[in-house]
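Chains as they are written, first to last, in the numbering used here: chain P, 1 to 287; chain Y, 1 to 287; chain G, 1 to 287.
It should be emphasised that the hints constitute simulated quantities derived from the structure, not laboratory data. These numbers were taken from a predicted model, which means no experiment stands behind them. Keep in mind that the hints are not guaranteed to be accurate.
Pairs of lysine-lysine residues, derived as DSS-like cross-links and limited to a Cα-Cα distance of at most 25 Å, are as follows [what the hints assert, rightly or not]: (1) P:Lys-172 x Y:Lys-254; (2) P:Lys-172 x P:Lys-254; (3) G:Lys-254 x Y:Lys-172.
Chain Y is faced by these chain G residues, among others (derived, beta-carbon under 8 Å) [unchecked claim]: (4) Ser-180; (5) Ala-232; (6) Asn-233; (7) Lys-241.
All C-beta atoms in this analysis are idealised placements derived from N, C-alpha and C, irrespective of residue type, glycine included.
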Amino acid sequence: MLRNRLIDAASRMKPILCGAQSLRSLSQGAPSKLTTIEVDDKSGIATLSMNQPPVNTLTMELMHDLIDSINQIESNKSRGLILTSSNDRVFSAGLDLNELLNPEVERFRLFWTRFQDLWLALHLCGIPTAAAINGHAPAAGCVLATACEYRVMLPDLSIGIHATRFSFVISKWMMHSYQSVLPRRIVERALNQGKLFATQEALEVGLVDEVSSSKEEALSKCAAFVATFDKANPLARSLTKRMCRDPDVRDLLKDRSADLKECVDYVTSPHFQEGLSNHLEGLKNRK
Amino acid sequence: MLRNRLIDAASRMKPILCGAQSLRSLSQGAPSKLTTIEVDDKSGIATLSMNQPPVNTLTMELMHDLIDSINQIESNKSRGLILTSSNDRVFSAGLDLNELLNPEVERFRLFWTRFQDLWLALHLCGIPTAAAINGHAPAAGCVLATACEYRVMLPDLSIGIHATRFSFVISKWMMHSYQSVLPRRIVERALNQGKLFATQEALEVGLVDEVSSSKEEALSKCAAFVATFDKANPLARSLTKRMCRDPDVRDLLKDRSADLKECVDYVTSPHFQEGLSNHLEGLKNRK
Amino acid sequence: MLRNRLIDAASRMKPILCGAQSLRSLSQGAPSKLTTIEVDDKSGIATLSMNQPPVNTLTMELMHDLIDSINQIESNKSRGLILTSSNDRVFSAGLDLNELLNPEVERFRLFWTRFQDLWLALHLCGIPTAAAINGHAPAAGCVLATACEYRVMLPDLSIGIHATRFSFVISKWMMHSYQSVLPRRIVERALNQGKLFATQEALEVGLVDEVSSSKEEALSKCAAFVATFDKANPLARSLTKRMCRDPDVRDLLKDRSADLKECVDYVTSPHFQEGLSNHLEGLKNRK
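Start from the sequences, fold in the hints, and give me the full structure.
Structure follows, in C-alpha cells:
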C-alpha cells in the first residue's frame, strides 16, 4: 500500500519527468558528449560537468544532455550530484541568445519548455545537489547554480541574473530561485539592476556559501556538503526537500503554458528584439 | 502589436491610476503647493519634496498632491524619483490622525482610499525611486519610505510603524511594505511593539540602506543609487520591478473594498476611538 | 457593536479553541500535574513550566495540560507567558515517538490533532510569549520554542527539527514555524539535514535571540522582552500578531483534515516504521 506523501511525490514527479524520460530513452546507450558524469567509487558522489565549448551556452542540446544526466544520476542512486564545468573560465554563459533573436516561434516554444524542464529536473532532484562554480555564471548559469542546494565559487568571478541588461524580463520561477537563497530586498534590487556579483560580494549576501581557491577544493567542499546528510533518511530527506520547494514548483507546474505564452509574446515583441540586437552588437564590438 | 507582459502591465496600471489621473486633471495648470518637484537637468532625476508645514502630516490634500506629482514625474520620463521633505526635522509625521478621530464615514472612506492610491502609485512607479529621509519617519511616513527602492537617512532620527502605540491595526499591504525590506522575525516583533528604530538601528536591520551626514549627501547617495540602473533597459527594469512587487500589489487590488470595510469598521469601534483619544491627549500633555 | 477585525478575530479563534476549551472544562478544579503556572504578582507575567519526567516528552497528557495552561494564562489577563522546563537538561524531547511506532490509527489521529491544537494555541496566544530554553529542544521541542515570539537559551545545548534523522517528514505548518524565524536558505538545509544547532550556532542564525548563563537570567531576559510591549495597546498588539501569523495559521486551518490524513498515511507506511524502529534501536544502544 502506497502512502499519501509518497503517492503525492510520485504523481507530482510524473508530469515533470515524462519529457525528460522520453529524452533519456533517445540517448540510451550512447554516452552524451556535451556533459560528462564521473562517479567517485569511494564517496558515491556523481560529478556532472558541462562540456560544450567554448562557454557552456545552454543550447537545446546541452539542456537535453543535462536533463538526461540529472535523471541518470538520480536513478543510479548516487549519494549526491555536483554540477560543474569542464571550462575553467565559464561555468555557463546562460541561455543561447541566438535562440531568442528573431526566433521561429515553434522552435522557441520547444527551447523554453526545455529550459523549464531543466529547472524542474534540477530543482526537484531527489539527492543532495551542489554547484562547484569554477567560472562565470551569468543569467541562466546563475539560475542553475541557485537551483542546487549549495554553492562553492572560485575567486574573481561573477554571478547574477543580469537579464534587464539585454532587455529580457525573467519568468517568476527564475525569480523564485533567487528568492530561495537571497533576502527579498536584495533580490528586487539585483534583478532590476541586472547586477553581476563578484565572488566576494556573492559570498557576503549569501548567493554563494563558500569560496575556494581551486576547482579541486571546490569539489571537495561540495562533497563535504553532501556528507552533511549522512544521518538523514534519504527518502525522508527527499520528501522534505520537495516540501520546501513545493510552493515554487507548484507555481510553475500549475501554469506552464501561461508562462510559455507570456515568454513567447515578450520575446517576439519589437521592443525586446531591438534591445537584444543592441546588446549583441555591443558584445561584438567589445571583442 | 502589444505583447502580453506589456499588455498585462498596462491593464494592471489602469485601475490603479485612474483615480490619480482624474486628480491630475483637476490640478492641471496650477502648480501644487504642498509638494515641489525639482528636476536636475544634468542627471534627469526628479526630487519630490513634501512641503506641508509643520510636519508633513498626510492630509487628504498632501496625498492628492503626492499622487499627482508621482504620476507627473513618471510620465515626464525622469530618470528617477527621490522623495524627501522640505522640513529638516520631519520627513512625514504619518497620516492625519484627526481624520481617524470620530470620523464621518464617507469622508474617511475617501481618505483611506486615497492612502491606498498613494501606496499603489509609489509602489508601482515605473522609474527608480529612493527616499532621502531627512527627518523623522513614523507610521505612514515609514510606509512611504519602504515603498521606495532605497533609503538614505540622516543621524539621530527615528523610523518605524508604531501603530499599536495609538491602538491602530495596520492593513496587510502596509505590513507587506515592511516585509519587503525586513526579515519576518523582525517585522512581527517591531509591528507588535510599535517600535521606532533610531537611525543606527534602522541601518543594522536593513530598514535603511545608508546613513549620511547631511541632506545634500543623502540626495547625492540617492542619485548614485538611481545611476546603478544605467545598464538596465528601462522597460525591462520596470516590468521586472512590477513582477517582484506583484504578489503584494495583487493582494491589495483583489480586495480593496474588503480592506476599506475592515478599516472603517475598526476605526469606528469604541475600542479604537478610546485608544486614539488617550494617545492624542498624551501628545498634547507632552507639549 | 463588534467591529470587523474583532469579529474576525473572535470567529477565527472559535474553531481553534473549542477543542481546548472542552479540555479545560474536564480539568476544571483539579490543578494540572504535568505543567505548573507561576504568576509574578509584581510583573503580572506567567511562567509555564513543563514538568513531565524524565524529559518532557510531548505525550497526549502533557499536550492536554499545556493547551489548558496556555488558555488559562491567556484568559486570566496575564501580561505575558514564558514557556520553560522544570528539568535542567531538557526543555522538551519532542513528540512521544512511542505514539508513532505501530500506532493504532484512531488513537494516532487524536494524538496528531492534539499536536495541531497545541501549535495553534501557542501560535495564536494573544499575549506576548517567550521561551526560556533551559535544556535541549529537539524536534517538537524546537517547534514549541519557535511558536513563541522570543527565545533565550542556555549555553551548550542543542535545538532543531531533526525529523529526517528518524525518517519523519514534518508537516508544512511545522516548517512555517521555522520559516518565521530563519531565512529560507537555512530552513531548507537544516530541515533536510535534520540539523541540531548548538546554542552558539542557533544564536548566529537567529534561531534564538539571546544566550544567558542561568535559568534565572533567561527568565529575566524573557520578562524584559515582554516589557517591550508596554507602550502598545494590548488588543491592537494581539490583532497585529494575528495578522502577521495569519498566512501560516490559515494554511493549517483550511486543511486540518488533509494534514491529518497525510500524516497518518505516512506514519503507518512500512518505510517510516522501519526507519523509526532503527532509530529507536540506535537510541537504546547508546544508553
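Problem - 25 Å limit on alpha-carbon distance, applied to hinted pair Lys-172 (chain P) and Lys-254 (chain Y) - result: Distance ~19 Å between Lys-172 (chain P) and Lys-254 (chain Y) Cα, so the pair holds.
Problem - Interface hint status, Ser-180 (chain G) versus chain Y (Cβ within 8 Å) - result: 6 Å, holds
Handout entry: chain Y contact restraint on Asn-233 (chain G) - CB to CB distance below 8 Å
Key = It holds, given that the least Cβ distance between Asn-233 (chain G) and chain Y is near 4 Å, below 8 Å.
Exercise for the section: Would you check the hint for Lys-254 (chain G) and Lys-172 (chain Y), treating anything up to 25 Å between C-alpha atoms as holding? Expected result: Status holds; Cα separation ~19 Å.
Problem - Per-residue hint verdict: Lys-241 (chain G), partner chain Y, C-beta under 8 Å - result: 5 Å, holds
Handout entry: Proposed proximity, Lys-254 (chain P) with Lys-172 (chain P) (alpha carbon, max 25 Å)
Key = Given pair Lys-172 (chain P), Lys-254 (chain P) holds - Cα atoms ~13 Å apart, limit 25 Å.
Handout entry: Restraint outcome when Ala-232 (chain G) is required to lie within 8 Å of chain Y by C-beta distance
Key = Hint holds; Ala-232 (chain G) Cβ to chain Y Cβ min 4 Å, cut 8 Å.
When each numbered hint is compared with the structure, no violation occurs for any of them.
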